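Chain order of the listed sequences is X and H.
In terms of the working numbering, the first sequence is numbered consecutively and its last residue is 271.
In terms of the working numbering, the second sequence is numbered consecutively and its last residue is 626.
Read the hints as simulated data drawn from the structure, not as lab findings.
Please note: incorrect hints may appear among the correct ones.
Stretches of chain X that chain H covers, calculated by requiring three or more beta carbons in the stretch to come under 8 Å of a beta carbon on chain H [said to hold, decoys possible]:
id, segment
1, 15 to 24
2, 73 to 86
3, 103 to 115
4, 240 to 251
5, 259 to 265
SDA-like mimics (lysine to any residue), calculated; alpha carbons at most 20 Å apart, straight line [claimed, not checked]:
id, chain 1, residue 1, chain 2, residue 2
6, X, K262, H, T351
7, H, K571, X, L206
8, X, K86, X, F5
9, X, K262, H, W584
Source: prediction; values computed, not measured.
Just so you know, even glycine gets a beta-carbon here, dropped at the ideal spot from N, CA and C.
Residue-level listing of the chains:
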Amino acid sequence: MNVMFNVIRDQIANFKIIRRMAKYDDRATYQSHYLGLAWEFLNPLIQIGIYYLVFGVALKRGDPMHGIPYLPWMVTGIAPWLYMNKTTLDASKSVYQQVGLVSKMKFPVSVLPSIKIMGNLYSFWTMMAFAVFLMFTNHIWPTVSWIQFIYYFFCMIVLMYALGIFNSTVSVLIRDWHITLQSILRVLFYMSGILFNFQTSKFPILFVRVLELNPLYYIVNGFRESLLSRGWIWQQPNLNLTITFWMFVLLFMLFGTYLHNKFRADFVDLI
Amino acid sequence: MDTEYKIKLDNVTKEYDLYKTKSDRMRNFFNLGNVEVPHFWSLKGVSMTVKPGETLGIIGINGSGKSTISNIISGIIPQTTGTVTVNGDTSIISIGAGLKWNLTGDENIRLKGLMQGLSIKEIAELRDSIVDFADIGNFINQPVKDYSTGMRSRLGFAIAVHINPDIMIIDEALSVGDDTFYQKCVDKIMEFKEQGKTILFVSHSLKQVEMLCDRVAWMHFGDLREIGEAGEVIQHYRDFSEDFKKKTAKERREYQQDKKQDQLDFNIETYQDTLIDQEVKVNGFSHKEAARKVGKVLYKQISPAKMTTPTKWMVALSVFVLLFFSMVNISGHSIKHSVKDPVSLVHPRMHKMRK
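Just chain X, with the same shape it has in the complex:
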């Protein structure tokens, strides 16, 4: 457990480096593209457009929360999803990518996933702004419930780090892990209720309750409930899910930091 606290302390002590490198990372990725940073929003917007056409207009089977139009419902969920999807994959590669560099200088390797978590936030906020804009055009206004957004945002960052430190270490040890992760995330995309609401659909009730346990669903649903004012953390099933979510995070943190610490010295030899 000390190892876990040390890793967390490292993140705080190196916060400046994380922020600066995140900024630089962002610029460097799109430097050679004519449209530059605009791609960060064009990509998701095109995706949202297609999902809206298929699920919102053509199939009409989105089944959003009661009394809320499909589009704002979908975008408040897909914004955190796209962020989590990209960040999980980027963070998983982070150590592998930089290993040549960090093996030749003094650098706290455990902050590499944090840099990706921070760097991707930029497009997350833009997507969130877009979601809020859609809510306003549909006459959904802020309420006290928005306070919960802060909590769920914190949950999201912590989950991303727990997954990041674990995945980045395992990716170095087992090269296939990154690809496996891609497949898992693709499946989870349809299982986390991003495009259609499994709560109001005709899924068997037991299956719905199993799907609820997914920590990514906890976050996506949390964002929706807080922004669309549809529920509180202490109401069931959120209470059960809150506990399972934090236990899941704790386990990944414990194992991730343990593995990271154990193999930090060998990262170079392993590739």
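Using the hints, position chain H against chain X.
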């Protein structure tokens, strides 16, 4: 004894596992079966101190642990046992230079600067001076993979010296440049010396070491064989080399094999026991006290390779809580009901409404 120091090593050892195949390593990683791996001790217990403003040369034949020691001091790799205290920022320059090959020189300057904790503004101020020092002209906007070996090491050296560390570690980095660049580096090192910075200089070239260093440490097959005034140690090293060269090829090979075998046979427990005995004899501690003291020096900074017992308990507890609440959620009962009557967890409620 002088208490002021920049770098202090106490009984530092470094162990490498010599896996035969990658799958052996993986099996060890997952704790699947006992894989018999030979252990090679690259450092067999090294203690030394480096004072502020001192230039320490590290010499020794190939594979004697010179690079290992400089990597441990600079914080790149952790030691296996022992205590390392470094007061100040370190910057290491080694042959590989640690550049990213598909980025341009300019981007490398920015990236390395950021990683060492400089701000974008500070880097912009240093950039011209770095480019000028490295003398790579228009190549600065080309990917580093197109550079010649000399250019790469020049850039690496230039970046490292401009980051302005208190402690500079130079690992064989001067052996690749041409005379002009070598002179430039020597001038820079002299400048650092005048500023009172601490420099660690690892090199094969006795001439370079003689010229630059105040003191010299001679590493010999994982041991610190001698440390002291530069002239003296270098003379002893020269004598040793002369003697060694006079031996027949067979004798030489046997000597090396013996020494390597020592590094394979080295046992950390035996080493710990000798240290304890020493403590008892020299300082007159009781055996128990000495054991505690030595244990502290050896393992104080080492994070355990196995999970500690509290961590294991924590894992077990969180797995239990995770499973319990997953079942509560799937079964659809209330938490109170589930605690009172855990058997009901396997009899889920089929209603949509929750209690």
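Task: Ascending list of hint numbers which this structure does not respect - done: 2, 7 and 8
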